[in-house]
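**Student:** Sequence:
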Amino acid sequence: MTTDDLAALYDAAPCGLLTTDPEGRITRANAAFAAWTGYARDALAGRTFADLLDPGSRIFYETRQLPVLLLDGEVHEVSVNVIAADGTRLPALMNSTTVTDADGALERIDVAVFDASRREDWERQLLAARRAAEESEARTRALQEASAAFAGCDTEDELAVMLAAGARHAFSAADSAVHFATAGGFVLAGGTEPVDLHALLGDRELDEHILVLRTHEEEDEQLVATLEDARVAEITVTPLLDGEQVIGAITCFFGRARGIDDLQTDLHYALARQAAQVLRRIRLQAQLEAYALHDPLTGLANRTALRSSLSDALATATEARTPIALIFVDLDGFKEINDVFDHGVGDTVLREVASRLNGNIRQGDLVGRFGGDEFLIVCEGADEPAAEAIAERIRVAIRAPLLGIADERAISASIGVAVYRPAGRDPLSTADIFRFADKAMYASKDAGKDRVSVTTI
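Residue numbering for the sequence shown follows the UniProt record's numbering, starting at 1 and increasing by one per position.
Hints in this document: simulated from the structure, not taken from any laboratory. There could be a bad hint or two in this list.
[As the list claims (entries may be wrong)] FRET-style restraints, in silico, Cβ to Cβ:
hint, residue 1, residue 2, range
1, Thr88, His209, 38 to 44 Å
2, Ser172, Arg303, 42 to 48 Å
3, Asp207, Arg351, 43 to 49 Å
4, Ala410, His343, 53 to 59 Å
5, Glu374, Glu217, 57 to 63 Å
6, Arg393, Asp339, 25 to 31 Å
7, Ala257, Thr456, 42 to 48 Å
8, His343, Ala447, 41 to 47 Å
9, Glu23, Glu134, 18 to 24 Å
10, Ala447, Asp426, 28 to 34 Å
11, Glu134, Arg303, 52 to 58 Å
12, Ala148, Asp207, 28 to 34 Å
13, Asp261, Ala7, 51 to 57 Å
[To be verified] Distance condition first, Cα-Cα at most 30 Å in a straight line; then the derived DSS-like pairs of lysine-lysine:
hint, residue 1, residue 2
14, Lys335, Lys445
15, Lys449, Lys439
16, Lys335, Lys439
Built from N, CA and C at the ideal position, the CB exists for glycine as well.
I would like the entire structure built from these sequences, with the hints used as guidance.
**Tutor:** This is how it looks when you write it as structure tokens:
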């Protein structure tokens with residue numbers, strides 16, 4: 001290969017090539033480096049390589065890279081930012097080697113510089129994807145924790161306290177408050193509010209969208225003064241909805257403006273949806289008697305109430321990706337009691353069974369009479385072991401003697417348990433989970449009755 005060939009190869013190399021003297025002054029640069037940076041080749045001669053770096057890279061080069069290079073004779077894949085002739089920052093990776101003479105004295109430094117723009121973009125995208133994944137994981141975890149806390153709530157007050165604490169934790173808020181809507185306006189139900197919600201809303205109507213207020217953007221001078229006194233820089237107000245009706249709100253107060261991105265917005269809405277579903281369930285349970293959603297014989301929830309509550313519970317489980325169980329109880333031997341005794345005794349037995357069911361479920365579980373001698377129990381947050389344990393307690397309780405009712409007769413229960421574990425798919429319908437529980441119940445009957453069969457969906 002001729003000298004001209006080598007020179008052409010040097011200039012056309014797929015990276016910038018530089019040579020500096022022992023003091024770091026550039027003595028030679030190839031055409032690729034000049035074209036990439038926009039410098040004329042003669043303008044590069046005599047300049048130090050450090051002069052071409054941004055301040056941060058220059059400090060690193062002089063205090064870390066150069067000492068290592070002089071000590072080891074080479075450095076590889078050092079990340080630096082080269083400043084182009086037009087002032088543009090050019091991300092680069094640099095390899096350097098030293099060349100010494102026969103006596104070991106430093107003769108020159110050879111430098112290869114590679115354009116790292118695409119790599120930096122890829123790393124930025126990778127970092128963004130990682131952050132998004134971490135935030136998504138945090139979102140799911142917050143929803144799961146909230147779901148577990150909500151499942152045990154029996155009253156609106158309990159829900160408000162749990163929701164306020166969950167929102168404060170999920171969003172790292174300084175304070176949080178939960179309000180429920182009444183005919184007279186919003187009423188504080190849980191948490192703390194440095195600034196009254198009515199003062200925050202003013203003439204604004206809360207609708208289905210999240211409301212974000214920032215002190216530095218607010219035009220109401222009196223409200224600004226109130227917010228500054230309370231050391232509040234940003235506020236989010238997220239509605240709780242029942243259809244299109246606003247039934248409450250979650251308010252979070254932040255000591256500094258932080259901005260609400262799409263992921264944070266989704267988390268606000270998801271938490272509000274979940275809380276609204278639980279609130280509807282609590283109110284439904286509280287209104288069972290008033291709305292005739294109870295079985296007149298046993299006092300348990302009737303079929304209509306069961307379907308509504310099960311539908312909400314399935315939606316909550318799907319949103320938070322937490323398990324839910326439906327327990328189907330069918331009595332064995334009840335027909336014989338009706339045949340031997342009058343129906344009054346049969347009714348007494350059903351009331352006794354209802355009492356035993358209520359005495360062996362968890363707080364927050366919903367038990368109802370589906371019809372005849374069939375009963376359903378909705379167990380939010382119950383996985384296979386938990387649901388089977390509940391069903392087994394019920395089985396043992398039902399087979400206890402019917403003292404003073406039908407002493408000569410005994411009943412038992414064939415029990416089917418369907419456990420639904422959401423996995424990002426479409427929500428399971430009430431008819432679907434009932435079908436699985438019904439099938440499991442018949443498996444118990446076919447296996448000899450008086451037993452529990454569990455299936456997982």
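**Student:** Now tell me if each hint is right for this structure.
**Tutor:** Each hint, compared with the structure:
1. Thr88 x His209: 38 to 44 Å: Holds: the Cβ-Cβ distance is about 41 Å, inside 38 to 44 Å.
2. Ser172 x Arg303: 42 to 48 Å: Given about 44 Å between the Cβ atoms, the range holds.
3. Asp207 x Arg351: 43 to 49 Å: Once the Cβ atoms are compared, 47 Å apart, the range 43 to 49 Å for Arg351 and Asp207 holds.
4. Ala410 x His343: 53 to 59 Å: Violated - the Cβ-Cβ distance for Ala410 and His343, about 19 Å, lies outside 53 to 59 Å.
5. Glu374 x Glu217: 57 to 63 Å: 59 Å, holds
6. Arg393 x Asp339: 25 to 31 Å: 29 Å, holds
7. Ala257 x Thr456: 42 to 48 Å: Given about 47 Å between the Cβ atoms, the range holds.
8. His343 x Ala447: 41 to 47 Å: 30 Å, violated
9. Glu23 x Glu134: 18 to 24 Å: Violated, since Glu23 and Glu134 (Cβ atoms, about 47 Å apart) do not stay within the stated range.
10. Ala447 x Asp426: 28 to 34 Å: 32 Å Cβ-Cβ, so the 28 to 34 Å window holds.
11. Glu134 x Arg303: 52 to 58 Å: 44 Å, violated
12. Ala148 x Asp207: 28 to 34 Å: 30 Å, holds
13. Asp261 x Ala7: 51 to 57 Å: Holds - the Cβ-Cβ distance for Asp261 and Ala7, about 53 Å, lies within 51 to 57 Å.
14. Lys335 x Lys445: 15 Å, holds
15. Lys449 x Lys439: Since the Cα atoms of Lys449 and Lys439 sit roughly 14 Å apart, the hinted pair holds (cutoff 30 Å).
16. Lys335 x Lys439: 21 Å, holds
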